[in-house]
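J.: Sequences are here, hints too, so could you generate the full structure?
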Amino acid sequence: MKYVIIGNSAAAIGAVEGIRRNDLHGKITIISSERHHTYSRPLISYMLMGKVSIGSMKYRNEDFYAKHDCETILGVKVLEIDPVGKRVVLEDDRKIPYDKLLVATGSTPFVPPIPGIEKVEKKHTFTTLDDALALSKDLKKDSRVLVLGAGLIGLKCAEALCKKYKCICVDMSDRVLSSVLDEESSSCIKKVLEENGIELHLGRQVARFDENAAVLDNGMVIDFDVLVVAVGVRPNATLIRNIGGRTNRGVVVNERCETSIEDVYAAGDVCECTDKVSGEFKVMALWPNAYMQGECAGRNMSGEDYVFDKAILLNAVGFFGTHIVTAGNYVGNVYKESGDGYLRKLFFSGNRLNGYILIGKIEKAGIYTRLIREGIPLDMVDDAEMFKSPGLIAFDKNERTRMLGGVV
Numbered sequence: 003m004k005y006v007i008i009g010n011s012a013a014a015i016g017a018v019e020g021i022r023r024n025d026l027h028g029k030i031t032i033i034s035s036e037r038h039h040t041y042s043r044p045l046i047s048y049m050l051m052g053k054v055s056i057g058s059m060k061y062r063n064e065d066f067y068a069k070h071d072c073e074t075i076l077g078v079k080v081l082e083i084d085p086v087g088k089r090v091v092l093e094d095d096r097k098i099p100y101d102k103l104l105v106a107t108g109s110t111p112f113v114p115p116i117p118g119i120e121k122v123e124k125k126h127t128f129t130t131l132d133d134a135l136a137l138s139k140d141l142k143k144d145s146r147v148l149v150l151g152a153g154l155i156g157l158k159c160a161e162a163l164c165k166k167y168k169c170i171c172v173d174m175s176d177r178v179l180s181s182v183l184d185e186e187s188s189s190c191i192k193k194v195l196e197e198n199g200i201e202l203h204l205g206r207q208v209a210r211f212d213e214n215a216a217v218l219d220n221g222m223v224i225d226f227d228v229l230v231v232a233v234g235v236r237p238n239a240t241l242i243r244n245i246g247g248r249t250n251r252g253v254v255v256n257e258r259c260e261t262s263i264e265d266v267y268a269a270g271d272v273c274e275c276t277d278k279v280s281g282e283f284k285v286m287a288l289w290p291n292a293y294m295q296g297e298c299a300g301r302n303m304s305g306e307d308y309v310f311d312k313a314i315l316l317n318a319v320g321f322f323g324t325h326i327v328t329a330g331n332y333v334g335n336v337y338k339e340s341g342d343g344y345l346r347k348l349f350f351s352g353n354r355l356n357g358y359i360l361i362g363k364i365e366k367a368g369i370y371t372r373l374i375r376e377g378i379p380l381d382m383v384d385d386a387e388m389f390k391s392p393g394l395i396a397f398d399k400n401e402r403t404r405m406l407g408g409v410v
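FYI, in the numbering used here the residues of the sequence shown are 3 to 410.
Note that these hints are calculated values from the structure, not bench results.
Hints may be right or wrong, so weigh each one.
Stated by the list, open to error - Computed cross-link-like contacts, DSS-like style, restricted to lysine-lysine with a CA-CA straight-line distance of at most 25 Å:
id, residue 1, residue 2
1, K29, K79
2, K125, K97
3, K88, K121
4, K193, K53
5, K192, K168
6, K4, K88
7, K97, K139
8, K139, K60
9, K143, K121
10, K192, K165
11, K53, K121
12, K97, K121
13, K165, K193
14, K165, K143
15, K192, K338
16, K97, K124
17, K79, K125
18, K97, K79
T.: Written out as structure tokens, the structure reads:
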């Protein structure tokens, strides 16, 4: 069996490990336009900050490819898929045959067509290791950095830079992390960011660039030396779209991560899946989901009948020592606790936990995540115990027995 995987991040690694559960001998070829050993993308801001080295960013050990008997073709782009000939065509004219193919091409940063942006010389995105390395080369002792976007990517970049450089963030939303937090929790994090020197201009857009000056829609002018664009990403669905595969914003897959093209699978940020909580079909560009989708694809590619139907919104991030964990959707009734630098909000309805926001104290968040991902009815737990101090003791005896593999 010949397995080809396009991509080399979380979904690709999940696929390799999924394949090797069932097939120890089939040939696995990993092709990636990036030249690096698989690495953890969430760590690029810490590398820029000097807290981790490039070597310590590896997502799997140096011997991963050899241990799993994988051939790697790194630093080479796939131009097209030939589903009739069952091969992929590389930019160096090589043609790699496959029996099963996984498209795990991730996403590409969106650069908005703001007038004058093409004339900004020192302009960067911030989603890959090469992005971070290129940005670091353009930074000088007294650089002013303008970050477009106050989402996870933009704010992690600003956090990494603000102790050495002046950082200004502009976002059209009226709050930070608008896709992750509700209004109350966003206000908590906004305070943390501003206390650590990040200048925020929310509810504003850049109307135009005059070389190294950004003119906002209210007429304010912000001078800068380096621009970072972090306003969002778009799935790299072109390879599937070009061969007539079903796509919306991303590649459409079923619960086995199969595309509409025979023997072609997709996983990670490139694809759309069903949100376990809302039932909506959408792109859920999150590291844990990417790995689990990749594992699902790999297990099915290698002959298993495996379903992944537990994708949920899930984020774990920190800013200046304040930790945040969120999951699910913020709908229904609300249980809330708060204190100095601490906020816990649980959202529930219909005998289910729909989502949570934890800021400051995040211990045992995995218990809440399990309730959401598994859809465990709340009448199987002690609500008061679970909400105040999550732990196995909050589950009824039957559920504890199941969770502990029959041991009580």
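J.: Would the pair K29 and K79 pass a check requiring their Cα atoms to be no farther apart than 25 Å?
T.: holds (20 Å)
J.: For K165 and K193, compute the direct alpha-carbon distance and say whether it is at most 25 Å.
T.: With a Cα-Cα distance of about 16 Å, the restraint between K165 and K193 holds, given a limit of 25 Å.
J.: CA of K192 to CA of K338, is that 25 Å or under?
T.: Given pair K192, K338 holds - Cα atoms ~19 Å apart, limit 25 Å.
J.: Given the hinted pair K53 and K121, is their Cα-Cα distance within 25 Å?
T.: violated (33 Å)
J.: Holds or violated: are the alpha carbons of K192 and K165 at most 25 Å from each other?
T.: Distance of about 17 Å is within 25 Å: holds.
J.: Going straight from one Cα to the other, do K97 and K124 come out at no more than 25 Å?
T.: violated (37 Å)
J.: Straight-line Cα separation of K97 and K79 no greater than 25 Å?
T.: holds (12 Å)
J.: Is the hinted pair K165 and K143 satisfied, with a Cα-Cα distance of at most 25 Å?
T.: holds (11 Å)
J.: Check whether the Cα positions of K192 and K168 lie no farther apart than 25 Å.
T.: With a Cα-Cα distance of about 17 Å, the restraint between K192 and K168 holds, given a limit of 25 Å.
J.: Measure nothing beyond the straight line between the CA atoms of K139 and K60; if it is 25 Å or shorter, mark the hint as holding.
T.: Distance ~22 Å between K139 and K60 Cα, so the pair holds.
J.: Is K143 within 25 Å of K121, Cα to Cα?
T.: Answer holds: K143 to K121 is near 23 Å, not above 25 Å.
J.: Measure nothing beyond the straight line between the CA atoms of K125 and K97; if it is 25 Å or shorter, mark the hint as holding.
T.: violated (35 Å)
Comparing the model with each numbered hint stated earlier shows that hints 2, 3, 7, 11, 12, 16 do not hold.
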